[in-house]
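Number of protein chains: 2
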Amino acid sequence: MRATLWAAVTAACLFTASALAASRETRIPDGAMATAATLRERALQSDLAWRITESLTTEVGPRLAGSEADARAVAWAEAKFRELGFDRVWKEPVTFPKWERRSERAEVLGSAAQPLAIAALGGSPGGTVEAEIVRFADLASLEAAPDGSLAGRIAFVDYRMARAKDGAGYGQGSRLRSRGPSAAIRKGAAGFLMRSAGTDSHRFPHTGITRFDEGLTPIPSAALAAPDADQLARLLARGPVRVRMALDCGWTGQATSYNVIGEIRGRSRPDEVVLIGGHLDSWDQGTGAIDDAAGVAITMAAGKLIGEMSRRERPARSIRVVAFANEEQGLWGGKAYAAAHEQALTRHQIAAESDFGAGRVYAFSTSAPEHAKAAEKRIAEALAPLGIAHAPGTGGPGPDISPFAEKGLAWARLAQDGTDYFDYHHTADDTLDKIDPRALAQNLAAYAVFAYLAASAEGDFGSAPKLASDEAGAK
Amino acid sequence: MRATLWAAVTAACLFTASALAASRETRIPDGAMATAATLRERALQSDLAWRITESLTTEVGPRLAGSEADARAVAWAEAKFRELGFDRVWKEPVTFPKWERRSERAEVLGSAAQPLAIAALGGSPGGTVEAEIVRFADLASLEAAPDGSLAGRIAFVDYRMARAKDGAGYGQGSRLRSRGPSAAIRKGAAGFLMRSAGTDSHRFPHTGITRFDEGLTPIPSAALAAPDADQLARLLARGPVRVRMALDCGWTGQATSYNVIGEIRGRSRPDEVVLIGGHLDSWDQGTGAIDDAAGVAITMAAGKLIGEMSRRERPARSIRVVAFANEEQGLWGGKAYAAAHEQALTRHQIAAESDFGAGRVYAFSTSAPEHAKAAEKRIAEALAPLGIAHAPGTGGPGPDISPFAEKGLAWARLAQDGTDYFDYHHTADDTLDKIDPRALAQNLAAYAVFAYLAASAEGDFGSAPKLASDEAGAK
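Which chain is which? The protein sequence lines are A and B, in order. The first sequence begins at 1 in UniProt numbering and counts up one residue at a time. The second sequence begins at 1 in UniProt numbering and counts up one residue at a time.
Just to be clear, a hint being listed does not mean it is correct.
Since the list can't tell identical chains apart, any single copy or any two copies may satisfy a pair.
[Unchecked claim] Dumping the calculated SDA-like pairs for lysine to any residue here, alpha-carbon to alpha-carbon at most 25 Å:
id, residue 1, residue 2
1, 165, 201
2, 165, 433
3, 335, 92
4, 98, 111
5, 98, 115
6, 91, 112
7, 187, 126
8, 187, 134
Don't read these hints as lab results, they were simulated from the structure.
Build out the structure end to end from the sequences listed, making use of the hints.
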């Protein structure tokens, strides 16, 4: 092929690509915008998300993945989807190792003898350790300690997580929780204590999953409530401190729970879905109100409000609401969903998970590629009256969405104000009274509007299997 | 005696009484007012009350009356008084029945199975009760229930205490705690649960002493955290609820603790004292920071600041600081003090206890009779720059002062802002972080000024043994 011919072919190809891009520009129909405005106002007046949150947290309460209560939560979710009139309700199995907390206790020994409020980290083994405490300001300091320097001691990492609207401080806090125990083991420690990854100053330790690196022998690992971390630091400033920590907890085999799914059937493209959801499991100490009954309730209620529309008003695509299993211990439900539905990836228009409490939504963004950016902007316009800013290019997918997003699923983010989220997160204090019903209604309106418009769009939001090269590029 | 002579005698007597009253008018010397102003500013800059609070709550922690930690607290107080340079330090025994909490647990049974956060009430017997719950809105409703109607059931009184700056809501709250269990027993109940006498919405149950009327067989009695009371009420709205409550606690014989006393010697009338203090014991769950390490620290620090004055500036009378034993379980220290010092009542110029947290002092009043009202007003003038209003005729003596006040001791009240006090009171969350060091310094300034001026007064504040007729009149 000669150069001139090559140039002509290239030009033709470019023209074709450009024309194709123009033809696949995703649009939100004007009629859908008008209907979304009505839906938004109806949602703001609705207490349905509140009632669903109240129902789950009251009737089931705490629901640690794999527990008897988790099974009740699954039954609750199925029944609730049916009660709300979802067109299809089903569940998909999710199997994972089961961890349970039986008891935990810590106390300062000696002349300042007193109890300390702790919570075993999820995944910690049981065991009793009585040893001297060595304090570190942060994970890096622990990692910098000489090998073997903690032999027979308990590492205490006193890192103070920062409060932030977008929860940015949790990055460091949860990193310490995940990596701290293994780092402590490498230095020879017999136990691990950390200041809770939280922003409150109440005597509630914050639990959360930890992991132990391959080849290491796990050690009892727990979080101290903030006032107890303060106390330990003050005692250490006076001299050596010995602590006894006794955890009764651990892994107890495999368990199977379920992603529980309800669907509102789309008018013209029912096999294509907009996926919204939250996670059904919670930690075992609170009733999992903000984490994540609220997310399940907001998205169930959004589905229900869309399901109530007249047949003519219903969106083209189906609204699929997923109450994910076992998010807390490693996104088990999200991974299982991605594995089970990988072949149907492109039939997933876009997905959004609500799992950041019950604060107001303040920002909206998506992973939309160029051809869907105008549609994203239109959705943002419909969300603006709720006080939600369009923040293109920010954020990422919710936790249970992320395994599928890694495979190419388009995602949206309705960012919640998480200023207070880490005051309650993973504590016994995560209960219904922490939720403002008006903020919950605003969330409901946001999810209803988003799901309705995405499901009504002409065109897609970019869901497509990632090529090996994409993945390589992403890494 | 004829009528005219009688009239002449009466007139003479009246004249004499009036002249006497004028001559015993209590005065605050101008020089003392000037010195008090300097003391006030010095106290506002001092972190001593904070450091003492930190020391007691950190080094001793929780100190339930009669416990090993209580004995450590007594040793701490003696050592602290000496360290602060008090002129005399001693302790006086206080004997009382000893109660202890070992464990407590409650759970909803059946299809909504879940744990409930409870705390045994002080004085409750141990025991396990598994029974249906009967809810009452308040104590009066429980008292109005038909006899025997609670046979084999658990009474749950869901009274919601009101928030108030002066803590007025606690009257009803603590009345329910004291009288509820006996009322429940009279109706046949096997167990007693109450919504905590508190104003927070966190999962901290509020403990506190209860009593059982003579002739009744005590039943396990506990307080629910507010969110758990909410939860129980919501479950009861759905149908019958069975709960298992298991308390391991109870009376374990007699114990002896101590009122620990430090004195700053007066310049010219050292045998007369102005008494200030707080109570040394605490409940066993928190570190007793606001209840009542703060009160002990404020008054110890006030004594210390007065003790630091030059010999020339020292007040005429001594400043006696008392760290009372076992206030929580029935004013044992206050009663013992009154009994031990009854003969010296008139040598007690006036007394004030700090036992309402660590909020700012906002009002000042005393029991001063007419001849000391001008002096009270002068003290109020010296307190005014601290934002403290003169509120004559309001309030009453602090708890440990009250047994002695009943015998005729003059008292002062430095009313603290208790708006948040019952968020933490008698919970595990009563820890140092709840205290604002600046508010504590304001308290220190208030106590230092009050004690200094009262000890410098020319004349008395009305301490005098009450006559039988006074007592009859008071009743």
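Okay, the hints, checked on the actual structure:
no.: 1; hint: 165 to 201; result: both (18 Å within a copy, 22 Å between copies)
no.: 2; hint: 165 to 433; result: both (20 Å within a copy, 23 Å between copies)
no.: 3; hint: 335 to 92; result: within (12 Å within a copy, 68 Å between copies)
no.: 4; hint: 98 to 111; result: between (39 Å within a copy, 22 Å between copies)
no.: 5; hint: 98 to 115; result: between (29 Å within a copy, 20 Å between copies)
no.: 6; hint: 91 to 112; result: between (53 Å within a copy, 22 Å between copies)
no.: 7; hint: 187 to 126; result: within (20 Å within a copy, 45 Å between copies)
no.: 8; hint: 187 to 134; result: within (11 Å within a copy, 55 Å between copies)
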